Amino acid sequence: MSDTASSPAPKVVGVVIVGAGQAALSTAEALRTAQYTGPITLLGDESTGPYHRPPLSKAWLSGEMDAGQLQMRAPEMLARKQIDLRTGVRVQAIDRTAQTVTWAATEGEPGGSLSYTHLVLATGSRPRTLPLPGADAGGVLTLRTQADASALSEGLARCARQGLPLVVIGGGFIGLEVAATARKKGLAVTVLEAAPRLLGRVLAPALSDWYAELHRSHGVDLVLGAQIAKLEMGSDGWVSGVALANGTLLPAGLVLLGVGAVANDELAQAAGLACERGIVVDACGRTSDPNILAAGDCTARRLPEGSLLRLESVQNATEQGKSVAAAILGQERPFTATPWFWSDQYDRKLQMAGLSAGADQWVVRGDMAASSFSVAHYRQGQLLAVDSINAPKDHLTARKLLDKGATPAPEHMADPSWELAQALA
Amino acid sequence: MANITYIEANGQTTTVHLADGWNLMQGATANGVDGILGECGGSCACATCHCYVAEDFLAKVLPASDAELAMLDNVAAERRPNSRLACQIKASAALEGLVVHLPETQE
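Chains as they are written, first to last, in the working numbering: chain A, 1 to 425; chain B, 1 to 107.
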């Protein structure tokens, strides 16, 4: 037969995305916006489709939102965009030669495999745990997923019923946001931070002190330089207290570990992809395999000078997703914009622009006592980052300044009557 | 509770029955309205839920906060006097029949 001699048409296999969070959704939607017509499949290991994680430590935990408000897209919108969402699927292996991913059967879900033309890893991160004695007690929680937040919410309700305090281990963003939410609910809250100041790796010392005062003024018992010996467990198997190395025993009805996150890069490692504290990608989200890309919390971006940048943020997830979609379509869309981030605690909104590591000079713009101000980070006279409290205009201008590499003189930065946008000209 | 009508840039019109407390970004994304991204989840931090409030409803919608006015500087499409961030408008009976137009782009 003549058709056996002709070469077969290229088979459209499609894009498979491992993960169903913000980076996965961003990738899928950007592919459709760019008129990609092949199949797109999201394989998520949670029971739901893409949802907003930022409210989990705030409005969701306060009980001010329902699940529908957390979801990012209606199922019918995904269907209309022909984005095939499969939930409860935990991918176990990548076969890079055969270009397939496989997963094992779980309760109710059969195992399976899928072929890909391009594979996108959007596997996220998971909370770091601590090897503390007693950490396996009930009521020792972490926060990443909606299910985690529901468990935390139930734990807080239990604390309220029994009049027991919440102890937060780690004075980072998640821990401090949960502390603020718990204080708003009227719970007693202790925050234990090992370092001598809060958020010490990202904030200027003056802003760390400001946050310490903010939490203390809202009734949080804040312990800096805390060294934890072990967690105490009651006869019911539930955590009952936190013992410090100095002999202090803090009672606890619930313990939240907020000590950072670890990239979920095991699947990539097992497949032999370059990984270093995350799946190593370039500015377009490409991994060491030309058919595999990665986006979001699971990645570590290689910078031109060779160092690695790990960002865990909404912006990183959405922008890397868009870059990955472009790369799949053969286009260059590097994500090199100034990183930005925010945190809501009590009625104060922190908005951060830029990366502050290596700063040797800090300049306050505005009145820190008035609760609307910014703190700028400089290194050798060059602007690195600006952290703004209830000052969104400063924040947005700072993003533009940093995108351009423009540096207002420190004395101009320190003068709120001097329009920062002048430095853009 | 209020019926809110979204008109996308291509003319696609969707009317949504929105419970009190839901904001207009959530009402759009949860009901299949395209043209609203809401990347930050409603934190007034990303400016990707830009909408134009129909002129005859401007007086019924609570005015924008300073934070929202600042973020509106960052919208991708043209900013107009009736520009708002959908995540900062919460449904209530006073907004019954509200019509919002969505811009061509959010990014």
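Derived by calculation from the structure, the hints in this document are not laboratory data.
A portion of the hints provided could be inaccurate.
Stated by the list, open to error - The following residues of chain B were derived to be distant from chain A, with all beta-carbon distances above 10 Å: (1) 8; (2) 29; (3) 43; (4) 56; (5) 61; (6) 92; (7) 97.
Stated by the list, open to error - Distance condition first, Cα-Cα at most 25 Å in a straight line; then the derived BS3-like pairs of lysine-lysine: (8) 349/A <-> 90/B; (9) 404/A <-> 393/A; (10) 60/B <-> 230/A; (11) 404/A <-> 185/A; (12) 90/B <-> 60/B; (13) 185/A <-> 60/B; (14) 184/A <-> 60/B; (15) 349/A <-> 393/A.
Claimed, not checked - Listed next, the stretches of chain A that the computed footprint assigns to chain B, with coverage defined by at least 3 CB atoms under 8 Å from CB atoms of chain B: (16) 47-55; (17) 89-100.
Just so we're clear, the structure is a prediction, and the values are computed from it rather than from any experiment.
By construction, the Cβ of each residue, glycine as well, lies at the ideal position given by its N, Cα and C atoms.
Now the hints, each set against the structure:
At roughly 12 Å from the closest C-beta of chain A, the C-beta of residue 8/B stays outside 10 Å, upholding its exclusion from the interface. Not every C-beta of chain A lies more than 10 Å from that of residue 29/B, the closest at about 6 Å, which undercuts listing it as non-interface. Residue placement check: residue 43/B does not keep its beta carbon more than 10 Å from all beta carbons of chain A (closest about 6 Å). At roughly 28 Å, the least C-beta separation between residue 56/B and chain A is larger than 10 Å, which holds for a residue marked as non-interface.
For residue 61/B, the requirement that its beta carbon stay farther than 10 Å from each beta carbon of chain A is met, with the minimum near 19 Å. For residue 92/B, the shortest C-beta to C-beta distance to chain A comes to about 15 Å, beyond the 10 Å cut-off, and the non-interface label holds. Residue-level check passed: residue 97/B sits 22 Å from the nearest beta carbon of chain A, beyond 10 Å. Note on residue 349/A and residue 90/B: the hinted pairing holds, with a Cα-Cα distance of about 20 Å set against a maximum of 25 Å.
Between the alpha carbons of residue 404/A and residue 393/A the distance comes to roughly 17 Å, so the proposed pair stays at or under 25 Å and holds. A C-alpha spacing of about 56 Å is found between residue 60/B and residue 230/A, which places the hinted pair above 25 Å, so the restraint is violated. For the hint linking residue 404/A to residue 185/A, the alpha-carbon distance of about 43 Å lies beyond 25 Å, and the restraint is violated. A distance of roughly 12 Å separates the Cα atoms of residue 90/B and residue 60/B; the hinted pair therefore holds under the 25 Å criterion.
For the hint pairing residue 185/A with residue 60/B, the CA-to-CA distance comes to about 32 Å; that exceeds 25 Å, so the pair is violated. For the proposed pair residue 184/A and residue 60/B, the alpha carbon gap of about 30 Å is over 25 Å, so the pair is violated. With a C-alpha separation of about 12 Å, the suggested pair residue 349/A and residue 393/A falls inside the 25 Å cut-off, and the hint holds. For the region 47-55 of chain A, the proposed coverage by chain B is satisfied: 4 residues have a C-beta within less than 8 Å of a C-beta in that chain, meeting the threshold of three.
Closer than 8 Å: that is the beta-carbon criterion, and the region 89-100 of chain A has 0 residues meeting it against chain B, so the requirement of 3 is violated.
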